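Asker: In case you want the letters, here they are:
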Amino acid sequence: MTATAPARTRGSEFLKGCLDEAPILLGTMPFGLIYGVLAVNAGLPVELAQAMSAIVFAGSAQFITAQLIGQATAGVVVVATIFIVNLRHALYSASLAPYLRHLNWGWKALLAYLLTDEAYAVAIVRYQRDDDAGQKPPFQHWYTLGAAFTLWSSWQAATAVGVFLGGSVPASWGLDFTLALTFIALVFTAVRGRPMWIAAVTAGVIAVLAHGLPFNLGLMLAALGGILSGMIAEAQAGVAPRRPRVDL
Amino acid sequence: MDWLPVLIFGGLLTFATRLSFIALLGRFEAPVLVTRALRYVPPAVLSAIIFPELLLRDGAWVTPWANPRLIAGALAGLVAWRTRNVLLTIAVGLVVFWALGWAGM
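From first to last, the protein sequence lines are chains P and U. Here the first sequence is numbered in the working numbering, starting from 413 and rising by one per residue. Here the second sequence is numbered in the working numbering, starting from 260 and rising by one per residue.
Quick caveat, the hints were computed from the structure, so don't treat them as lab data. Please read these numbers as outputs of a predicted model, since none were measured by experiment. Do not take every clue at face value.
Chain P is faced by these chain U residues, among others (derived, beta-carbon under 7 Å) [stated by the list, open to error]:
| hint | residue |
| --- | --- |
| 1 | 262 |
| 2 | 268 |
| 3 | 272 |
| 4 | 280 |
| 5 | 302 |
| 6 | 308 |
| 7 | 326 |
FRET-style restraints, in silico, Cβ to Cβ [claimed, not checked]:
| hint | chain 1 | residue 1 | chain 2 | residue 2 | range |
| --- | --- | --- | --- | --- | --- |
| 8 | U | 364 | P | 424 | 51 to 61 Å |
| 9 | P | 580 | U | 347 | 17 to 27 Å |
| 10 | P | 569 | U | 290 | 37 to 47 Å |
| 11 | U | 359 | P | 533 | 46 to 56 Å |
| 12 | U | 267 | P | 515 | 22 to 32 Å |
| 13 | U | 290 | P | 517 | 19 to 29 Å |
| 14 | P | 435 | U | 275 | 29 to 39 Å |
| 15 | U | 291 | P | 486 | 25 to 35 Å |
| 16 | U | 290 | P | 648 | 29 to 39 Å |
| 17 | U | 364 | P | 569 | 32 to 42 Å |
| 18 | P | 604 | U | 323 | 23 to 33 Å |
Note that CB positions come from ideal geometry on N, CA and C, so glycine has one too.
Whenever a hint applies, use it, and build me the whole structure from the sequences.
Answerer: Shown next, in the form of structure tokens:
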């Protein structure tokens, strides 16, 4: 930042956050649209599919939840799965916490509700850039709000379009299979390094073997087994895994 | 079954997770073991869903060469591995799946 940079205002920060988030929407909006189509095709009522985008507001957890509801999974397993899949947000929360310390509870709650992978990624870059410049300018949280709100509103809109289109897609298209394909694409994006491959394969094998367990409990068992095997492989290799390229 | 309470409960837990450290004023850091474990959550959960979806049908094993989902899924995996492109992966997987269905599989 040069000395001639314009003074930051609430409005300018909010707008800057919106603009910096915009390119990411190219990736998230098709995803939201696909979610809407699939959720309806998995058997979710339209209003429930749309409500999930506001209540849970987390892409991968929503895809998985739609799949589980379609399979008539026990409610408690669905809740546990949402919780585990979204646990990574605690990391973002920890990372952003020092920057939000001075805000009131309303702001903290609002930004926490809006905290997603994509909003975090944009916000933390900005905070760290200010840190590097030795600055602590005012209204940084308005920037975060702009980025997060842009993602939120576009996600709701994309879901709505998907839900609208979803009802007109015939079952013979096999669109429910798109869920599995989406997950395949994501797993290849997320996995980096040997321990993660071991975690993925172990979880998959356990899931098949434990498929007969009631309430889809095999899913929990497989996830825990996969995580454990990955950590053991990591400990044996003596190297920490690289951060996944894309968090979910 | 009424799924709305399930979604609300899952949403509240998600909100609590997102608020956790922000509410704790950033005084505490997540234990290293936990942060490490969390990195394995995406591949583990995704695979745990993908494998049964591709290999089983209504809980029963399907012969691999007569299983359009497995064949389409494997080819989609190949595309994902080479390109890391989500939309292309879905497109290739669906087209193969449709083609196999068309061919009577």
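Asker: Would you list, in rising numerical order, the hints stated earlier that this structure does not obey?
Answerer: Failing hints, ascending: 7, 11, 16.
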